[in-house]
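Quick note, the sequences are listed as chains A and B, same order.
No gaps in the numbering here: position 21 of the first sequence is 21 in our numbering, and each next residue is one more.
No gaps in the numbering here: position 80 of the second sequence is 80 in our numbering, and each next residue is one more.
Bear in mind the hints are in silico, worked out from the structure with no lab data behind them.
Being a predicted model, the structure only gives us computed values, none of them experimental.
We put the beta carbon where it would ideally sit given N, CA and C, even for glycine.
Among the hints, a few may not be true.
Here are the simulated DSBU-like cross-link-like pairs (lysine-lysine), alpha carbons at most 35 Å apart as the crow flies [to be verified]: (1) Lys-15(B) - Lys-52(B); (2) Lys-105(A) - Lys-52(B); (3) Lys-15(B) - Lys-68(A); (4) Lys-56(A) - Lys-77(A); (5) Lys-52(A) - Lys-77(A); (6) Lys-68(A) - Lys-105(A); (7) Lys-15(B) - Lys-57(B); (8) Lys-60(A) - Lys-57(B); (9) Lys-60(A) - Lys-105(A); (10) Lys-105(A) - Lys-22(B); (11) Lys-57(B) - Lys-56(A); (12) Lys-105(A) - Lys-13(B); (13) Lys-15(B) - Lys-105(A); (14) Lys-52(B) - Lys-22(B); (15) Lys-52(B) - Lys-52(A); (16) Lys-52(A) - Lys-15(B); (17) Lys-15(B) - Lys-60(A); (18) Lys-57(B) - Lys-105(A); (19) Lys-13(B) - Lys-57(B); (20) Lys-52(A) - Lys-68(A).
What the simulated footprint calls covered on chain B by chain A, stretch by stretch (three residues with Cβ under 8 Å from a Cβ of chain A suffice, anywhere in the stretch; the number is not a length) [as the list claims (entries may be wrong)]: (21) 11-20; (22) 71-84.
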Amino acid sequence: GDSVTQMEGPVTLSEEAFLTINCTYTATGYPSLFWYVQYPGEGLQLLLKATKADDKGSNKGFEATYRKETTSFHLEKGSVQVSDSAVYFCALSPPGANSKLTFGKGITLSVRP
Amino acid sequence: AAGVIQSPRHLIKEKRETATLKCYPIPRHDTVYWYQQGPGQDPQFLISFYEKMQSDKGSIPDRFSAQQFSDYHSELNMSSLELGDSALYFCASSSFPGENTGELFFGEGSRLTVL
């Protein structure tokens with residue numbers, strides 16, 4: 001079945017450091033790919049998405065490119081801020097499904113001032 | 001802007017008791033999804049409803065049932081609670097189930113603790 005694998009966490013960075021969070025997936029066909037973020041005490045929020053190969057999703061300085069050849073959707077940010085501290089989930093939605101999401105296990109990012 | 005409202009936010013029950021969680025979707029959203037997130041786990045899809053009909057079913061135990069009402073709110077009923085049911089239960093809503101956008105809008109979750 002479909003699955004999403006995220007790198008092991010947690011990740012602790014200093015402010016203004018470069019961030020990469022790896023995500024790979026297994027799915028049939030061409031799923032849509034997403035990054036969701038969960039800030040402390042809040043629900044899951046869509047951060048960015050890509051619906052086809054080579055698409056780049058971007059939002060709030062975060063970027064991720066849909067790589068079909070490596071089945072990856074790595075999240076990057078050039079300069080993290082303390083306010084980026086949160087849990088980040090990679091997710092996929094198979095084609096033709098009713099937008100049901102399959103999540104990775106999430107990774108906690110802590111940014112130090 | 002109005003978001004997805006879940007209640008209660010926290011719930012403590014004994015084993016073998018029953019619990020009901022409620023979800024109020026964003027206005028004009030007609031699709032509701034339920035997810036269960038155990039400690040240190042990723043959210044697992046339980047069930048979804050579109051226009052008051054079940055649209056998809058995931059790893060929902062037979063002890064659980066859910067429905068969507070005429071005002072589009074949804075309730076998740078859990079009976080014969082077990083220790084392993086302790087988890088954060090998320091509800092999400094979206095405006096149309098057929099588009100593969102994945103833009104689900106999540107509530108803040110209901111944390112169930114079974115003692």
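Comparing the hints with the structure gives:
1. Lys-15(B) - Lys-52(B): holds, 30 Å
2. Lys-105(A) - Lys-52(B): Status holds; Cα separation ~30 Å.
3. Lys-15(B) - Lys-68(A): violated, 46 Å
4. Lys-56(A) - Lys-77(A): At roughly 13 Å apart (the allowed maximum being 35 Å), Lys-77(A) and Lys-56(A) satisfy the hint.
5. Lys-52(A) - Lys-77(A): Given pair Lys-52(A), Lys-77(A) holds - Cα atoms ~21 Å apart, limit 35 Å.
6. Lys-68(A) - Lys-105(A): holds, 21 Å
7. Lys-15(B) - Lys-57(B): Cα-Cα ~25 Å, so holds.
8. Lys-60(A) - Lys-57(B): The given pair, whose Cα atoms are some 34 Å apart, holds under the 35 Å limit.
9. Lys-60(A) - Lys-105(A): Cα-Cα ~22 Å, so holds.
10. Lys-105(A) - Lys-22(B): holds, 25 Å
11. Lys-57(B) - Lys-56(A): holds, 31 Å
12. Lys-105(A) - Lys-13(B): Holds - the C-alpha atoms of Lys-13(B) and Lys-105(A) are around 26 Å apart, at most 35 Å.
13. Lys-15(B) - Lys-105(A): holds, 27 Å
14. Lys-52(B) - Lys-22(B): Measuring from Cα to Cα gives roughly 15 Å; hence the hint holds.
15. Lys-52(B) - Lys-52(A): Measuring from Cα to Cα gives roughly 31 Å; hence the hint holds.
16. Lys-52(A) - Lys-15(B): violated, 46 Å
17. Lys-15(B) - Lys-60(A): violated, 44 Å
18. Lys-57(B) - Lys-105(A): Since the Cα atoms of Lys-57(B) and Lys-105(A) sit roughly 21 Å apart, the hinted pair holds (cutoff 35 Å).
19. Lys-13(B) - Lys-57(B): holds, 25 Å
20. Lys-52(A) - Lys-68(A): Satisfied, since the Cα-Cα distance of roughly 8 Å is no more than 35 Å.
21. 11-20: With 0 residues close enough to chain A, the hint is violated.
22. 71-84: violated (count 0)
Hints 3, 16, 17, 21, 22 from the list above are not met by this structure, while the remaining hints are.
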